[in-house]
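Novice: Letter by letter, the chains look like this.
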Amino acid sequence: MAPHDLRRPFKRRPISDQQKRRDLSLLRQSQHRSDAQQRARNLASSVISLQSSSSPDVDPETLSEPMPDVDTTGHESEASSFDIRQASSLRGPEARKWFASQLMLPEWMIDVPENLSRDWYVLARPAGKRCFVVSADGTTVSRLRNGSVLHHFPSALPGGARKKGVSGPAQSYSILDCIFHEADQTYYVIDMVCWRGYSLYECTAEFRFFWLQSKLDETGACGPPSFYHKFRFSVVPFYNCDQSGLHSAYTGSLPYVKDGLLFYNKHAHYHTGNTPLVLIWKDERCSQYVIDTDNNGQVPSQQHIVLELQDDGKIVTSDDPPVVVNCLNADFIKQSGLSPGSLVRFAIGDGGLNCVDGKFEKADLQYISVSNRARAFADSYSKIMFQYMARHSPLKAEDLASVISQENQQDKLPEVEMSD
Amino acid sequence: KLVAMEVTQLLLNAQSIDGTVRKHAEENLKLFQSQNLAGFLLSLAGELANDEKPVDSRKLAGLVLKNALDAKEQHRKYELVQRWLSLDMATKTQIRAFLLKTLSSPVPDVRSTASQVIAKVAGIELPQNQWPELVGSLLSNIHQLPAHVKQATLETLGYLCEEVSPDVVEQEHVNKILTAVVQGMNAAEGNNDVRLAATRALYMALGFAQANFNNDMERDYIMRVVCEATLSPEVKIRQAAFECLVSIASTYYEKLAHYMQDIFNITAKAVREDDESVALQAIEFWSSICDEEIDILEEYGGEFTGDSDVPCFYFTKQALPALVPLLLETLLKQEEDQDLDEGAWNIAMAGGTCLGLVARAVGDDIVPHVMPFIEEKISKPDWREREAATYAFGSILEGPSPDKLMTIVNAALTFMLNALTKDPSNHVKDTTAWTLGRIFEFLHGSTIETPIITQANCQQIITVLIQTMKDAPNVAEKACGALYFLAQGYEDIGPNSPLTPFFQEIIQSLLAVAHREDATESRLRTAAYEALNEVVRCSTDETSAMVLQLVPVIMLELHNTLEGEKLSSDEREKQNELQGLLCGCLQVIIQKLGSEPTKYVFMQHADQMMGLFLRVFGCKSATAHEEAMLAIGALAYAAGPDFAKYMPEFYKYLEMGLQNFEEYQVCAVTVGVIGDICRALEDKILPYCDGIMTQLLKDLSSNQLHRSVKPPIFSCFGDIALAIGENFEKYINYSMPMLQSAAELSAHASGADDEMTEYTNSLRNGILEAYSGIFQGFKNSPKTQLLIPYAPHILQFLDSIYMEKDMDEVVMKTAIGVLGDLADTLGSHVGGLIQQSVSSKEFLNECLSSDDHTIKEAAEWAKHAITRAISV
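So the sequences go chain by chain: A and B. The opening residue of the first sequence carries number 1 in the UniProt record's numbering; numbering runs sequentially from there. The opening residue of the second sequence carries number 1 in the UniProt record's numbering; numbering runs sequentially from there.
Just so you know, not all the hints are guaranteed correct.
[As the list claims (entries may be wrong)] Just so you have them, the derived chain B footprint on chain A, three or more residues with Cβ under 8 Å:
(1) 22-31
(2) 220-230
(3) 394-408
[Said to hold, decoys possible] Below, in silico cross-link-like pairs of lysine-lysine (DSSO-like), each with a Cα-Cα straight-line distance of 27 Å or less:
(4) 863/B <-> 215/A
(5) 266/A <-> 230/A
(6) 470/B <-> 404/B
(7) 77/B <-> 59/B
(8) 698/B <-> 730/B
(9) 20/A <-> 59/B
(10) 856/B <-> 266/A
(11) 333/B <-> 317/B
(12) 620/B <-> 266/A
(13) 215/A <-> 377/B
(14) 20/A <-> 863/B
(15) 20/A <-> 620/B
[To be verified] Chain A is nowhere near these chain B residues, computed Cβ spacing over 12 Å in every case:
(16) 213
(17) 239
(18) 530
(19) 534
(20) 585
Keep in mind the hints are simulated off the structure, nothing from the lab. In this text, a Cβ means the ideal position worked out from N, Cα and C, and glycines have one as well.
Extracted from the complex, chain B is given alone in its bound form:
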């Protein structure tokens, strides 16, 4: 057994600059952990608590301890939790005591580490009703504590609130925590460290304060303390207090009416006078209010109908006359090169973003408040004024009605095109090109009555955009973006697109941009390919010959990226990114040309294209793999049964994709592509099904695979069954129990939150699609009887999801379809069972009278099938 001294040395060695020493120490720590976990954790806690030990070894001890309690990956986290819970109580009690003791350490870093570890332990133990005395012991004599201990205690409470869910903490404890925290924030608290810790703790604890925010007195008190803290002389406290306000804006929107006047004054002062870190939070408060109101208004169609939970208080609208000038002022505080810096975020950017949200929240009303500013500054000699005016204009284009904006935009268009070619400022041009893009995004398209782009100006607009694509990378990127929306507006134009005369020139210009030496700056190359994709997507048959010519060009580019010279890791990363873009582009082209009348000519490239995609799988890049896989799915659909010839070579990559747990997007996309292939090959997929099914079943049983991939895997069972029919027989014994247990899980997983409900519904949909495919696949086969034993459970599943009343329309449609499929395939064998089910009565009737015609259609089908099943 290691003695304490040795642990200290190991922990210090593990941070040594000498790699060998470090590696040796790390191995020993691992060995120690595996041989005696309880002893290992206990000595780490002892090290952390021991004020005589070096700070570095104590900090690392805390960190290792923390990592022994939590992990990012769900399955790993679960293992760690189980491991901790299985430790003997004596060890755990000792560790807890060490941790609490550490909170009194004079060393700030060590205290902070202990705070986090305590929260992790609490996160495991409180839901199990273990360590119930924790909150009590933290708060027992908080008023008598020395400032540094008080600070650490408050910080611990903050982390604790972040770590555990409100429902495992009793209201009595919540009240105590909030009281302690809010008192710590109070101006009467003389110690800034304590006050800062308390303010940050409140931010974490706000989610616990539901009951307290419902109580007028308690809420007034909390709000007063928070508002006072925004005026603290200490900048960090002001910033933390504004963070609390931001969080309150979204969590307790409906409780704010009473405080809005005060909050406006506080935020206005901060935006105008305070340090940027504080001003940004103050702006964010208004952005959050707008977010809330946009959501509310979207959900309830603009009017408070009385049946909404949260009414719109129109705070933004009321604040408009003062808020807009405040935001406009910020626009003049640009940084010189902010457009060249990907990570930049400053008050001008935040102000413009907020202005855009205000426009969405109030609509037409914003226009008169902004126009004078734009008119005054748009032609000023100072680039800051011109840019601010343009940015203001671009920001308010989403929200107000086209009617309100049309005249202004028409008047501004020529000015903008002129600025793009003539303005000396890169910054102004960047914002102007972006604004043009916004004009095309929101005011150009089939839904707009009077078009912005006409025969008279189309030529000029395109010429200017193409010219601008030769400007600096950041400006050119915005021009590509504008072209993207220009094309998108002609999405459903019909047979004759106004872009047709310029098509060739646009394509060539975009390819030229993609080939610029500086194309990797400012995302320029990506923007160029994205615009190219959209131009192709929205093209008409008139230009299909030109799209066809693009095929060998893009294929050649992809080929060139595969001719590997030795590349640096940075170069390789860029190469992979380019491969992803090119595969994406080919995918768009396949979807465009892969059907009649271009299909025949296009498919002559298929062999070569498939060859390239397969080589992309040889490179190590998840994005490129995903894009290639998606493109192959599209190709399979276009090729139909002919796709069979690619299967022998492609199969291993399919399998590889299904095994890619780490990059689960690749796995998800592969599952989808199997569906495409099933529909293309039908029973010719049979030889590959053993392998595919084995892998899919493994995926389902894995707890490493991201849960979002599981519903599509179930749907994929259905695709396979439908393709191979009764040959699915041999997988019945494996797939049915899996479906059954997933069904049980999803029937009653009535989620606490929307996200859970959404997932549950997607899982149900996958399971139901599997059942549909299996039933339809077995129809008219003598082996139908194999399915009869599963009928009671499936009907029960349908009944229970109906009873839960939380299914969405998609599930409703699939579910009622399954009822029909079951009746259709099993017929009179299940007539009695069906008649006993709720689904065949209430649920079916509900679907029959649905407004959604796809649900109604599926229900008619089910009714039909049931009538036949029970009439025999």
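Okay, chain A solo, but in the shape it has when bound:
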């Protein structure tokens, strides 16, 4: 039995560079395997099936419909499923339609919802372009409501830049609902749709906002721009919609230019398309753009609206189901070169609008033209009405405040009695 060798490494690294290369390769391979798995899984998880995507003449109405709820019903559509990343590779009108249908669109506030102070958040909407920001595969893409790319950039969002040691696994992707504010080149985040591959579509606004606040900052995305992080992200401050919350949102000083107030029902899920559970409200004090402008940026003397022409000659709003505003006769349609699906611009004449229970009794419409091609949607009922009210009898900030204070008194009353 010979003595045992007790030599230890001397002036040497414990791991050779060859071993390091081997280890790095294994790491890369297992990450990529994990990525591939994740991609396969995401095809089902967050994901929205694009019905009849192959047929060229898609009815815009189908697109503005809320998507079938894949997650809970278990009935996947026979049509091909898309996840957001596949959708990112869509081009042209298909992409526009797909993305247009993915954002949650607020209705305009034409009357004050119940329990505003208990069930709703309020936040000051930054002025700017509403967009989807998707970070995945080492890059970040922002797309406007019409599906066109606004920026393609590296960010500190999960998977948002090609950089070693970025937070979180490479396979995960995130989707934020943002407004890009030109003046300070900042993406103001108003909602979180997916985070690290985990879908928040089915979560309440309360949870999404909580998640947004706690998670976004961790990534460093709120930090100043750097090489791997081209634009700063910032969470829009949101408040419980009580007196002080409303006051803060309405009058508070913020780093961005405001464009109205957004109201979110705390219990609402992220619902693609128009929803009455998110509301937008504006007045002159908190927005430069209360009354719509025309193509030249001027406020026209008459209110303009855009409606969609149906097969039967009815002109309707973008709501689901659509609200019929009026009916065009076949000769006029032919003469003006309109076809079913056309978006048509009208002015509201002196006869004005008359509504009962969300339906138009009377509408004095004057035909202007076929709408700008970039537009994906007709106006919604609530928008038409809000604009109409803004010109005639607006819903004022004081009205909101007084509704809240009435609610508070109702809440407080029984308490007083009990303590007596």
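Use these hints to put chain B onto chain A, whose structure you have.
Specialist: Frame of chain A; chain B shown alone:
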């Protein structure tokens, strides 16, 4: 049948100087063995036991016998064991008797050979409960035996302990063995050969002494005898006794508190006064204590929390005031040219290494004990003092906090840079360059608050390092190492690296070093390419144009190595090594440039590069093959679907790699690269899948292939299934049963040791990744139903690994993902089954509340998929 005389002649002829005679004899031995194994082994044992036969034939008989019982390769060993067990009992009994008889032979070599053969037989038979009387018969009258027989018996006991696992020897026998061994070591034993054999036997038997070390009296006795043996007048006994102490330090760390004062005195005396062979063991004792304490402190975050099995006794910390001076003294005992000799190991090297471990074990506390020594000696005229001071400094850089070291290091930096250029001693420069490397390794990087390297000194540091790279090969090698860590410190520097202004110069200098005529000395060329790789890895986009320029340069070098002139085998070996280094370098560059925005320009080199890699496969070098294969994997990832054009030519090398059982690293790397290619080509890999799958299935069934390659092969099934989707159908009938039997094996292979548990978990992970890939690949296919029959078993597998409670986080994540994949793909067909499984309840809940967000994420996914599957 051969008679005994003929066997003797054959064995002697087999050692003849005459090649023909030798070859003839070897063939005859083989023939004999194949015709009559029992007779063959019996005559070998008879030859070994026969004192009238020549020593040479007896020794070879023993050796052949030994080789008939054991082999290095696992599968061969298994065959030999089975072969021995199937021999008839009469033959085995006779062989055993011959072997035991040989222990009394007057010829020492023959006795020793017999000892080893007996241990091999015991290694086979004791676990089968055969030859139960062996230990008893060895020990029966050990006290009455003549010294030489006693010596052989003790040696046999030592080998036996090395050969068999403690759990197959009854405690009663263990006690007898230890008693005999420790008595043999005792000072009362007058015969040094016996005492030495006993001491060496104890070294082997320590693993058996668990129960005895738990008993205070028995432990005291063993420790006293071992300590006494370290004072024996016979140097070999002292050395063997210290070896026992070293082994005790790691095996019975927690039992040592009571003996540490005595052991310190013994080791200090040995380090200062004894023969170097003994002094080295004495230092190793302290290195082992440090190893233990570093492990304990790492595991428990520095504090003894009460829930650890082994508390830290802080032996090193307590010994510090005496131990450090002892080690510092050794540093002055350098050998003149130790840095030029790869195999050198002496007391100064061991002392410095130990000092480094002490620093890691005690942290800040070491600094005040070492600083006076450094300050006193760093400028002395004698190179030994300067080198010792520098070596001490370099040794303590890992362990103490940066805060503690920062001022000292800043003060020393200028001195060091100066020494590198001006010191006349090669030895001092070698150690100085190494110390600079250590400074950069531990005190330079994004985690360090106050940087050592600043705008003010960066230029000077780089200039000095580049200058030093022109020094003697051993010094230049250390300078390359320092540059490696200098670059590594800027790994996550962001867009602007302070190295950018020097980038071109650094690259050119490293290439110049690699081209030095003496670059093959002192590993210099390897160090140069390693530094080059790290500089490239840590480079930023600012310098990507320069990295791009490096591509044709490295390719040309690789091309030159392939232009084969006739080379000597030594030259060819060096050539192959260089090919490996160049392929490695290209691999690093591919990973750097193979993505946006450099990808497009870089990929213009792809065809040519691929051509070179394919030629590397034509050379016979495992390392070069492995490196080329890894580089190709990286290239496939960068090329994506375009990689398809290389497949027709590359495929045969892929197949070759999968068939390389011998150099299993090549096989393992090839399996990984198939995964890369699957992800790059997706369904375009289909035409090659028949071949690949056939080879992978063969690999799995082979018992020659190293077991570590099997888990990645399973993962690779998943990669293929995910790439080709329902086309995987035709492999289902082959792959599923393999997965199933491997799953059964790995579900309950609750390993006795950590290594086994680790392997079991990697196997489980591979199997689970295969299932995930297959399920996801078949999703939305009408052929999904083919998988339904396998669902019960897979769920059972998930349940059983959950119940075993020994899976690691990786397996946990993969396992819960498989549950989701199964639900997702098979949906309502398996809703009922899933609801019955433990996995869908306890396991899922456990994962949902995991702190690890990747596990949680996978669990959320599984929950989601299950909800859908059972709601229909």
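Novice: Could you work out which of the previously given hints the structure breaks and list their numbers from low to high?
Specialist: As far as the earlier hints go, 3, 5, 6, 9, 12, 13, 14, 17, 18, 19 and 20 are violated by this structure, in ascending order.
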